[in-house]
Amino acid sequence: MRIGMGLNSSTNREALRFMSQLGVQDVVLNTPPVPVRNGIWELPELVGLKNGIDEWGLKLTAIENTPIDMRHHMIAGGPRFDEQLSNMLETIKNIGNAGIPMYTMSWRYPRFYRTGHVDIGWGALGTAYDAEVENWPSVIDWDLSLDKAWECLETWVKEATPVAEKYGVKLGLHPVDPPMPEVGGVPQLLHNFEGYKRLIDIVDSPYNSILLCQGSFSQMAGADQDNGESIYDMIEYFVKRERVLYVHFRNVSGTVPKFHETFVNKGHVDMYKAMRIYAENGFDGFFMDDHVPMTKGDTAWGHRAKAYANGYIQSLIETVTDTSLYGLHK
Amino acid sequence: MEPMVALHGNPTDEVLQVAAQFGVQNILVYGGPGTAHMKYHEYVALRMKIESYGLKLAAIEGGFSPQLEYHDVIFGGPKQDELIDDLLVQVRDMGRAGIPIYGYNWMPNSWGRAQPTIVRGGALGTGYDYDWENSRRPATFPEENITEDQMWDALEYWIKAVTPVAEEVGMRCGIHPEDPPVPQRGGVPGLFRSFNAFKRLVEITDSDYNAIEFCQGTFSEMPGEDIYEMIEYFGTRNKIMYVHFRNVSGQAPSFNEEFINTGYVNMKKAMRTYRDAGFTGNFIDDHCPLMTEDEDFPGNLGGYRSRLFAQGYIAGEIESVKKEVEYGGPVDMSKVVKGAN
Chain A
6 MRIGMGLNSS TNREALRFMS QLGVQDVVLN TPPVPVRNGI WELPELVGLK
56 NGIDEWGLKL TAIENTPIDM RHHMIAGGPR FDEQLSNMLE TIKNIGNAGI
106 PMYTMSWRYP RFYRTGHVDI GWGALGTAYD AEVENWPSVI DWDLSLDKAW
156 ECLETWVKEA TPVAEKYGVK LGLHPVDPPM PEVGGVPQLL HNFEGYKRLI
206 DIVDSPYNSI LLCQGSFSQM AGADQDNGES IYDMIEYFVK RERVLYVHFR
256 NVSGTVPKFH ETFVNKGHVD MYKAMRIYAE NGFDGFFMDD HVPMTKGDTA
306 WGHRAKAYAN GYIQSLIETV TDTSLYGLHK
Chain B
3 MEPMVALHGN PTDEVLQVAA QFGVQNILVY GGPGTAHMKY HEYVALRMKI
53 ESYGLKLAAI EGGFSPQLEY HDVIFGGPKQ DELIDDLLVQ VRDMGRAGIP
103 IYGYNWMPNS WGRAQPTIVR GGALGTGYDY DWENSRRPAT FPEENITEDQ
153 MWDALEYWIK AVTPVAEEVG MRCGIHPEDP PVPQRGGVPG LFRSFNAFKR
203 LVEITDSDYN AIEFCQGTFS EMPGEDIYEM IEYFGTRNKI MYVHFRNVSG
253 QAPSFNEEFI NTGYVNMKKA MRTYRDAGFT GNFIDDHCPL MTEDEDFPGN
303 LGGYRSRLFA QGYIAGEIES VKKEVEYGGP VDMSKVVKGA N
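Those protein sequences? They're chains A and B, same order as listed. In short: position in the first sequence from 1, add 5, done, that's the working numbering. In short: position in the second sequence from 1, add 2, done, that's the working numbering.
Chain B extracted, bound-state conformation (with noise of 0.2 Å):
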């Protein structure tokens, strides 16, 4: 278990060094098949840049599926086996170039957020109400009647074609949930918004290559779900690739982002649950709430400011999960007499 820091595409030197300094190792840059189309010798140059900090180039992370081209491969459609054959030429690259996961999603209409709301501080977080989303946003494909079953299809042949391929290359592949994690917007159905879908995606094909990109934020939001207990099936499945460690308010179909202390999931209990079920990878900020007069920071929502408070906090976290171990716990408050200061 380590930190992780998430940078938009060609992360500038100046960054690079500051991950360095603050020692983020670790490097997850956003890209991928449908927003960069990279080839093979690019991705190479890409990973030998970040190694030259002394970091590594610890995943790729996008997602083809909200780019209308590749329509076929996420419903169906004439051009599926086409269009796949070209994801599966990048899928390649990118393994071959080195690069050991690829996180993508699922997700045709992208993400989506209605009004933020205002948290600690006066700082802003992201808010999403189902009802103010879907008052406003039009049919995505007016002319098509989308169905679930559809859906699952074409990702049950998606995976049953790319999962070979990162086995053969090294890469695992896997897929962030719908976020918001809600039945549908804009006609579309949002396939991954339950506990159930994530346990039908891992039984398609049984292989460590076929996994999660466990955006912690999001399997938050699915309405009745029990995080701790998601962490704990897909953490001992081995099906997590990487974590993006953030915390929100409450689930759909309404909430908001919050601090990494401050929204309903105890992040402290989180952490220890991907510690018990043998979860080695990695953890990332993700987003961040807008805090005022930060600086731009090169990645998702959040400055330089709000970001490197959550990754002070999670490198606290991971070393006193680690460390509390060897002490059987942590300190038994219920047992310590108050000093008077």
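So here's chain A without its partners, still in its complex pose (with noise of 0.2 Å):
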């Protein structure tokens, strides 16, 4: 198990110097500047991305999401559906050519969201939703029943995984987020435990995997219970079937309809257990912070907050297996 952190929409060299500082091993691009030429992302671009990567010493381990207008008809079922599949299966030989090992995507449309801030404690700020105040307008001008847009996610890992794997790529969806049935029209499917088994029954392949959104998981109705769907039997589930390529390890207070974000170590999940439940089963990927707090007197990306949250996980990882994670004290 090891420690990642991302970046989005950037290739900040003062951010890949932090993390490099941090001790960070993967590194993960959330919809890099990458032009988008004629519907796909070019080889000798990607090539670059990589290349700026690994020159602090870092690894470009997963590009997570490409613009989402190279993809919003193949999700959603809109009439472009067919050109943004094959824009995209183009993309992902372009990514494996490049030699970036993963290709993560976040199945949903509209884009991520929240409804609010709440301060959660002496000032600081988490992201908050509540599913009585969302007021998504439709987002389509087409429609979209719940079987056609699993028939769009079913057609999608038939197509890509065949792809992803001849090239390398090993792909993972992430949930989506905040994890509701319905959001501006669009029926959403990754919302759930039984959406993801479906997903990973789809095609019996590492290739066909999932990005472990933690936060999003924990939000998810009756995450928070004893109830056989929890945080952690979820865990357990993809974890021990392979199917997890990394994970967003970030807390959350409570599951919707109604939740909102908190520090790492103080939301409903206990992180320890979460840690464990990896470990047992034999998780070989990597963590990251994802969202942090915003706190007083912190950057715009959160610096202080993302240093905290890495510090917290490099802690657990290296307690919970007693290992070191630059393999010292043996």
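No lab work stands behind these hints, which were simulated from the structure alone. This structure is a prediction, so every number in the text was calculated from the model and none was measured. Treat the hints with caution; some may be incorrect.
[Unchecked claim] Okay, the calculated bits of chain B under chain A, using three or more residues with CB under 8 Å as the criterion:
#1 115-128
#2 293-300
[Stated by the list, open to error] Taking lysine to aspartate or glutamate pairs in the EDC-like style, the calculated list, with each CA pair at most 20 Å apart, reads:
#3 A:301 x B:295
#4 A:171 x A:95
#5 B:337 x A:231
#6 A:153 x A:164
#7 A:278 x B:328
#8 B:325 x A:327
#9 A:301 x B:228
#10 B:340 x A:231
#11 A:335 x B:228
#12 B:337 x A:241
#13 B:162 x B:208
#14 B:325 x A:275
#15 B:324 x A:327
#16 B:325 x A:285
#17 A:278 x A:206
#18 A:202 x A:238
#19 A:278 x A:231
Just so it is clear, CB atoms sit at the ideal spot from N, CA and C, and this is done for glycine as well.
Once you've looked at the hints, go ahead and assemble the two chains, each given alone in its own frame, into the complex.
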């Protein structure tokens, strides 16, 4: 098990040096600034992207998300489904040829959203969601049934998995966040345990896997209950089947329809217990801090809060496994 | 066992708010006799300001020993009694003001380092090299021939004077080791440079109020000593007031400071040793490496980012070693079949 960190829409050198000094082993670039040409990401620019990370002694392990307008018809069954599917397959091929071993994405449209912020103590702010105040207008001007939405996902998995295997890119899907069954007129599929079980059964391959955003899974209805579908049950189920690529290790106060994000060691999830489940079931991927609360005087990116979460995660990995992330103290 | 953070005197509202936000509930303030000649009511005001943020003023740390005016307390001399009387007034004031712990040192040359060392990712850790320092440091007191025996005599005299006062006002007092733990610097012996020196200290007066400011970093720097054995020895005797939980590359005469989990000490093993010894005090991050573009922190070495990394690590350690007890220890990875990711 390793330590990672992500960067959104950027390859900021200061952030990469920050990661390097914190001992980050795996870097995730979320929607990196790669130009979209004819609907795809091309190989030379992806190679440049990877080299720009490697030069800091880091490893670009995953690209997380392409711009949503490269794939929203594919996810939500729009008229440009075929065109976007074929462009995404070409993009995956290029990601593999560039030597980037994972591509993960959120199978959701519209994008991630929240409805506000909550004071989680002494003025620190966590993002908050409340279904009562959510007011997404419809974001699609075509009809989409739940069955049709599943058909889109199944087509994607069946088409993309062989390409991913051939080019050596593991694919993982992130849950809809917040994990609601419908958003903006679009039926959502990956908002519960059942949806994910169905996903991994479409094609039984490690190339059809999960980006286990533990935050989003913890927000799923019932994830805080001892009901066989708790966050701990879900982690165990998917890790045992070797279908978790990496983990967004963040914590939340509760589940939909109303929750807020909080500090990594303060939410409803016992993070120590969660970490043990990954370790006991042979998880061999990495953990990253993901969202962090806004604290007094911190930067927009949250350098301080990210450093805190990263240190906490390193500590849990090392203590649960009684090993050193850096091969020390043998 | 809880996290604690150390702040310069008169902590700002901003830094107290940050501590409260991250849940670091125990505050140590640098000061005390010889560094800030505060009166009783000023200590009360300091404590109340910290408590107004839901935090606890858990310790005052400082050292009168590097101040020349206290020469006769450290080495013995004509003004010894007069100076001790003045120090005891200050100790009483702190204790009466509700400060539970006072950590100080017996280091007339303060602490010392040589050139910094590049550590992970180009961050800087302080470095130390005995020859480097001593080729540059002149004699501190060129006219005096200072001996260890003389310093021990003065120390014992002080401990016997301060311990009853500490007991009376309910404030534990304890000594920080010599950092770096070397035989002498500038002709002044480094008294607290070994396991044996601290055994001798705690035997001067058998009281919980004659204790140790356990800078694990410095204990780790002591040549030839086993850090886990020292934690166990002093932890089981309730001699550890609180811990400076930092890591180093090795031991004197030459070492550098490291990130908390890249030094030679296995911090998990150390934390388990405190737990098993029955230690219930707090852990501060102490020194942290200098990270590029970090933001100045109103405390010891290291900025906000570097310090919060260490604080996150410490919070994770404390939580883990407490919780693992009910599982019977960490996961036995030799029995785990690794997945394909």
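Query - Hint check against the structure, violated hint numbers in rising order - result: 5, 9, 10 and 17
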